Amino acid sequence: MSLKAKLGRLKGHMNLPQEEHPLPVAEQQVIQTEPLEIPFLEKWTENDTHVYKMEDEYCFIREVHYDMDHQHGIYTLHDAKKAVEAWNEVDYSHPLSSKGIQAEEMFFFDTETTGLGGGTGNTIFILGYAFFTDRGVTVRQHILPNPGAEIPLYQSFLEKVNYNTLVTYNGKAFDWPQLKTRHTLIREHVPKLPQYGHFDLYHASRRLWKNDLEKVKLINVEKNILGIERQDDMPGYLAPYIYFDYLERKDPKGLFGIMKHNEIDVLTLITLYTHLSVQLLQKEGSDLSSYEVARWYLGLGEKETAIKAYNKVLEADNAVQRISALHALAFQWKKNREEEKALNAWHKVAEEGILKEQIEACIELAKIYEHSQKNYVKAIQVTQNALSLFPPDQKEKKAAADLKWRLVRLSKKAGHTKE
Amino acid sequence: MFRKKSLSELIEGLRKNENIINWHEIEPQEAKTREMPEKVDKRISAALQKRGINELYSHQYTAFQTLQQGENIVAVTPTASGKTLCYNLPVLQSIAENDANRALYIFPTKALAQDQKSELNEIIDEMGIDIKSYTYDGDTSPAIRQVVRKAGHIVITNPDMLHSAILPHHTKWVSLFENLKYVVIDELHTYRGVFGSHVANVIRRLKRICKFYGSSPIFICTSATIANPKELAEQLTGNPMRLIDDNGAPRGRKHFVFYNPPIVNKPLNIRKSATVEVNQLAKEFLKNKIQTIVFARSRVRVEIILSHIQELVKDQLGAKSIRGYRGGYLPKQRREIERGLREGEILGVVSTNALELGVDIGQLQVCVMTGYPGSVASTWQQAGRAGRRHGEALILMVASSTPIDQYIVQNPEYFFERSPESARINPENLIILVDHLKCAAYELPFKENEEFGPLDVKEIMEYLVEERILHHNGETFYWANQSFPAGNISLRSASQENVVIIDQSETANVKIIGEMDRFSAMTLLHDEAIYLHEGVQYQVEKLDWDHKKAYVREVDVEYYTDANLAVQLKVLEIDKTISRQNTSVHYGDVTINILPSIFKKIKLTTFENIGSGPIYLPEEELHTSAAWMELKQSDPTLGEKTLEQLLMGIANVLQHVVPVHVMCDRNDIHVVSQIKANHTGLPTIFLYDHYPGGIGLAEDVYKRFEDVKAAAKNLIEKCRCQDGCPSCIGTEIEGIKAKKRSIELLDQF
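Order-wise, the sequence lines are chains X and W.
Going by the UniProt record's numbering, the first residue of the first sequence is number 1, and it counts up by one from there.
Going by the UniProt record's numbering, the first residue of the second sequence is number 1, and it counts up by one from there.
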């Protein structure tokens, strides 16, 4: 039996992907290309793209310019620049602080790849980034014309990206490692990868909005937080199909949709960085995320900034967040030995907080009554309150057991004082 | 009062047992040693001295010296002969010489890798050199993975992890691949059949990546005794190998005893059940606190024996001191059992061949095999579990009624004089090869003129371009698909997904107790099956085939279940033919449809059939290679009914003989007889590879058909029954002269 026939017979066992091309596949056109005879060159040049040549290989570079008063979502590019500079005015630190960094030194970066996940074979076919110039913002994209042209792709990219800080969305886990992977494969032919500072806005967004958004994907953040509406957007998950279709037919028509998608992605990164800075710098009145901002600063050890932020939440409309902020502040007051303030706060939290906070508040109250005020009757009361708050299925957990133990100890102590 | 007997006393007692039909003694052997080579780093030799190692055994010495000359080696070593030093010494030496050097250890299972790490780290600690060795497997925490990739001198892993986690992410392992000095492949003999064919391709991918990073590692393989260690190592690694088999380790006296249960039904030549005999024999040793391992052929058998023995000795010993061990137990459970055996808390273990491998359980005193393990190599591996460097050990093989068992115990010279079987792999199996070519292209673009084994693979690459998996540009094939190919390819079996076994005996505490591959699940976990786990009976309440889950509940019943499969066979293409006057033997491609049909309930104590029920599961289809023997013209006086019975009888014999001759598991090759084959209408016996695309077993049968035929005839002739018994052609059928006619039939081929 011929090899071909065998391959056909065994097809069912081969782990081949099912036929599910979402795009109609046109008749395959056979295009003979001489070196550097670029198919559909006209279409490329019509779309702001030029050819980058390197010996007998090439890639495409596309550049689009935006003026400073261009509005993307709720901010203009002017606002963005101001937000970057505003970090210089504060004296606390934060992982997203651009203190000492000029807007012109940052590049807002995103890639398009031929697959999901982080294996070696997942090829990057668009390296896109936005950066500030003296006239506005330029979006530049390096595009892979075929899988064999990675050397010109990375050569041109590395020649151009003379910045010091990288801004991405999930780039620490995905885009940058993937770029390193592909770079490793051709490292003998291209310059080394420089070291960059890296602001990954995904983690910041998750911190601030994970309770408000079902999934903290860039597209959701855009729509719900940043006021960006995409028109005729090519969804990102189609990118691999469109690229493979382009490889087969060489007609870049579909690819332009992906380039546009990538262009909006990197512009959104500017808007997102601006918005995060506004939140973190407490620029305008607090909104839903301020409580999370305060919590973040507390976690970073920026106590003063955190307390200021919590106090802002106390004045806000959101009742749930007000109680949460009060709860957090009570811990600070306890540390600063402002016991009365803490007691009052926790009594309020024990009444109005969410279940977890209620239990914690009762426990804190019990501690203060037992150890500091020696008021065992009150201590017993709040401990019993805490116990009664546990849902039936969690009665056996350690926290509940600890409370029961506390109760035993308190009854003993209460007994002693009576005698 | 009960007085404990020593092993020597028990051995003497056994000599008088009338069921013993052969007693073979293996003489003790003195150690053969050589001085520690000059070249060995002083810190290493000092650390070894602390562990009582002042000299090397001859095989360790030869291994070290051969590797210094840059040759690849395969060392054949029995259990407990210090094989780990064959690779640890050269590896540690190379890192002591140059801190940049790296080594990769490949073990067939995670458990073995864990063992090795502990042992290695003990030596390293004593050496006082900062050498980092890590295991890298599914259990390695993400936090430590980065450290392993960047700084691990010795990375210990398994082929599955290499295939799906390391090679597809090789850019994260640059320092390993740039400096890879040695690749160690332990337990080489386990890489045979489908698994071995996959692993050979994984090694091709590994070598390809090493080449990309400019390294060219030396391979160190170790293997249990098989007939073709050098050939297998060369096939698996694609490198020339030097064989090292001058074992210099000492060993104590071993008694290798064949036990044939007494005949209980003379006319039918039916013997007492091996299982029952094993229970009684094992009980004697355990009662006297002698550490004993019992091997059984199947998972079900393990559980049956376990529950019997636990019952028999429950008054003298706690149930916890006798344990089961087999695939399907969770890793944590297995680690606990291994440790218990090493430390002596566990006195007895009943195991499948899972403990044939070099899992460290220390050396036990007695090994009891329930039936012939199926191959000479396997038997020696199991026997190796008993025996210390000094002092006596006993190996007892209790024969079952199967033809091959009877043949072995009645022809001891066959076993003791025969060289062990060859391990066969077929890395060129088209399905396996295509799978790994996809992975290879994913890992690095594939050049048109690049080699990947002996086949010209360009045609396959072009096929993959047509299938839109690859993109052809210039002289190179590029990966052009959004999937992650290694994710869909399992090295272990044809089926990807395992069935998870969920115990729902307690509604409040539903838990996973084990898992099983898809094919085994069809016959062991169908609805209403009795599934045994650690000696506890469970009934399968529902097998959710779509979601690969089996829901079980604990029960207490007097029976176990046994499933039947209905098999349909179509010939697609005939590749080769040997034609004789009345018969022909063919080799070619076939399609097989497998459908589990019914299951039987079999009583635990008497093994009688007490009921049955249907199995509703979807049909599985298999394209594979087969060898088949057809009868073009048969004696018209025979009658169709008789002929059908004769064919079934011969098929029965072949099913037993063939695995011995081509060294494979009984399940790897199946034998089916048909009175009217679909494609010709002729009486035919098929032997096919139970793996899509075939792995070369049926082809081997075709090539060595004369040997197989002779072995089948010999078995029938030598059987002591009058005219057919379960030990040869099956049960006797009155008045058809089945034995004589079977041999006449075979003679026509």
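Hint data in this document are derived by calculation from the structure and do not stem from the laboratory.
Hints may be right or wrong, so weigh each one.
[Unchecked claim] Just the calculated beta-carbon pair ranges, DEER-fashion:
#1 X/G8 to W/E413: 41 to 51 Å
#2 W/K542 to X/K335: 52 to 62 Å
#3 X/E159 to W/E620: 48 to 58 Å
#4 X/S411 to W/R51: 53 to 63 Å
[Unchecked claim] Some chain X residues judged to face chain W by a derived CB distance under 8 Å, without partners named:
#5 K6
#6 G115
#7 L116
#8 P147
#9 G148
#10 H189
#11 P191
#12 N224
#13 Q231
#14 M234
#15 L238
#16 F244
#17 L247
#18 R249
In this text the structure is predicted, and so the values were computed from the model without any measurement.
Glycine included, every Cβ here is placed at the ideal spot set by N, Cα and C.
*Could you check if X/L247 really has its C-beta closer than 8 Å to a C-beta on chain W?*
This interface hint holds because 5 Å falls under the 8 Å limit.
*Taking the closest Cβ pair, is X/Q231 under 8 Å from chain W?*
violated (26 Å)
*Given hint X/H189 near chain W, where the shortest CB pair must fall under 8 Å*: violated (13 Å)
*Just tell me: holds or violated, for the beta carbon distance of X/S411 and W/R51 against 53 to 63 Å?*
holds (59 Å)
_Satisfaction of the X/N224 interface hint, Cβ to chain W closer than 8 Å_ = X/N224 check fails; min Cβ-Cβ to chain W is 28 Å, beyond 8 Å.
*Would you settle whether the hint for X/M234 is holds or violated, based on the nearest Cβ-Cβ distance to chain W being less than 8 Å?*
Because about 15 Å separates X/M234 from the closest Cβ in chain W, which is outside the 8 Å limit, the hint is violated.
*Hint check: is the beta carbon of X/F244 less than 8 Å from a beta carbon of chain W?*
holds (6 Å)
*Under the criterion of a CB-CB separation shorter than 8 Å, is X/K6 in contact with chain W as hinted?*
Since chain W brings a Cβ to about 6 Å from X/K6, closer than 8 Å, the hint holds.
*Quick one: are X/E159 and W/E620 within 48 to 58 Å, going by C-beta?*
holds (57 Å)
*When the least beta-carbon distance from X/P147 to chain W is tested against 8 Å, hint result*: holds (4 Å)
*asked:* Just to be sure I understand the hint, the distance between the Cβ atoms of X/G8 and W/E413 should be within 41 to 51 Å; is that true here?
replied: At 50 Å between Cβs, range holds.
*Starting from the range 52 to 62 Å, see whether the pair W/K542 and X/K335 falls in it by beta-carbon distance.*
This hint holds: roughly 57 Å between Cβ atoms.
Violation of the numbered hints given earlier is confined to hints 10, 11, 12, 13, 14, 15 and 18; the remaining hints are satisfied by the structure.
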